[in-house]
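**Q** Sequence:
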Amino acid sequence: MEKLMDTSDEWITERTGIKERHFVKVGEEGTSDLAVKAAEKALDKAGMVPEDLDMIVAATLSPDHEIPGIGVMIQNKLAGCRTIPAYDIRQQCSGFVYGLELASTFIKSGKYRTILLVGAEVQSVGLNLST
0 MEKLMDTSDE
10 WITERTGIKE
20 RHFVKVGEEG
30 TSDLAVKAAE
40 KALDKAGMVP
50 EDLDMIVAAT
60 LSPDHEIPGI
70 GVMIQNKLAG
80 CRTIPAYDIR
90 QQCSGFVYGL
100 ELASTFIKSG
110 KYRTILLVGA
120 EVQSVGLNLS
130 T
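For the sequence shown, numbering that gives the first Met the number 0 assigns the number 0 to the initial residue and increments by one for each residue that follows.
Source of the hints: derived by calculation from the structure; they are not laboratory data. Among the hints, erroneous ones may be present.
[To be verified] Under the rule of at most 27 angstroms between Cα atoms (straight-line distance), these lysine-lysine pairs were calculated in the BS3-like manner:
hint	residue 1	residue 2
1	Lys-76	Lys-24
2	Lys-40	Lys-24
3	Lys-24	Lys-110
4	Lys-18	Lys-76
5	Lys-18	Lys-44
6	Lys-44	Lys-107
7	Lys-76	Lys-36
[Stated by the list, open to error] Cβ-Cβ distance ranges computed for the label pairs, FRET-style:
hint	residue 1	residue 2	range
8	Gln-90	Asp-8	31 to 37 angstroms
9	Glu-19	Gly-46	44 to 50 angstroms
10	Glu-65	Lys-40	26 to 32 angstroms
Built from N, CA and C at the ideal position, the CB exists for glycine as well.
Based on the provided sequences and hints, a complete structural model is requested.
**A** This is the structure in structure tokens:
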């Protein structure tokens with residue numbers, strides 16, 4: 000960033016805590032791929048498998064495509080959970096919080112017990128780093 004702006008890596012790190020930025024390879028990796036990686040890690044840490052899930056809620060502002068949403072793409076990529084509901088929440092920065100409230104409401108209804116809530120973004124493809 001210091002090559003593009005009048006700043007330094009030290010200044011950015013000191014104020015934001017950000018030490019590195021990640022970029023996807025356009026056409027090779029999308030938001031749903033990042034979400035699946037996060038979901039697999041979360042399931043592993045919880046000692047669970049996709050078959051344990053009752054629903055998927057995905058929060059993103061940057062889906063791979065407008066249609067289908069990444070919720071169903073995550074569902075398709077996680078073997079074993081293809082017959083459960085999958086939703087997208089697109090509420091900008093607060094999407095994960097909306098997703099948390101939605102998941103909580105579904106669990107409290109008694110119909111669902113185990114819901115995967117995942118938030119993922121790929122905004123690097125929209126950045127113009129030439130300025």
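**Q** Hint by hint, say whether it matches the structure.
**A** Right, here's what the structure says about each hint:
1. Lys-76 <-> Lys-24: holds, 19 angstroms
2. Lys-40 <-> Lys-24: holds, 21 angstroms
3. Lys-24 <-> Lys-110: The given pair, whose Cα atoms are some 39 angstroms apart, is violated under the 27 angstroms limit.
4. Lys-18 <-> Lys-76: violated, 31 angstroms
5. Lys-18 <-> Lys-44: holds, 26 angstroms
6. Lys-44 <-> Lys-107: Distance ~24 angstroms between Lys-44 and Lys-107 Cα, so the pair holds.
7. Lys-76 <-> Lys-36: Answer holds: Lys-76 to Lys-36 is near 10 angstroms, not above 27 angstroms.
8. Gln-90 <-> Asp-8: 31 to 37 angstroms: Taking Cβ atoms as reference, Gln-90 and Asp-8 lie about 32 angstroms apart, which means the hint holds.
9. Glu-19 <-> Gly-46: 44 to 50 angstroms: violated, 30 angstroms
10. Glu-65 <-> Lys-40: 26 to 32 angstroms: This hint holds: roughly 27 angstroms between Cβ atoms.
Checked against the numbered hints given earlier, this structure breaks hints 3, 4 and 9; the rest are met.
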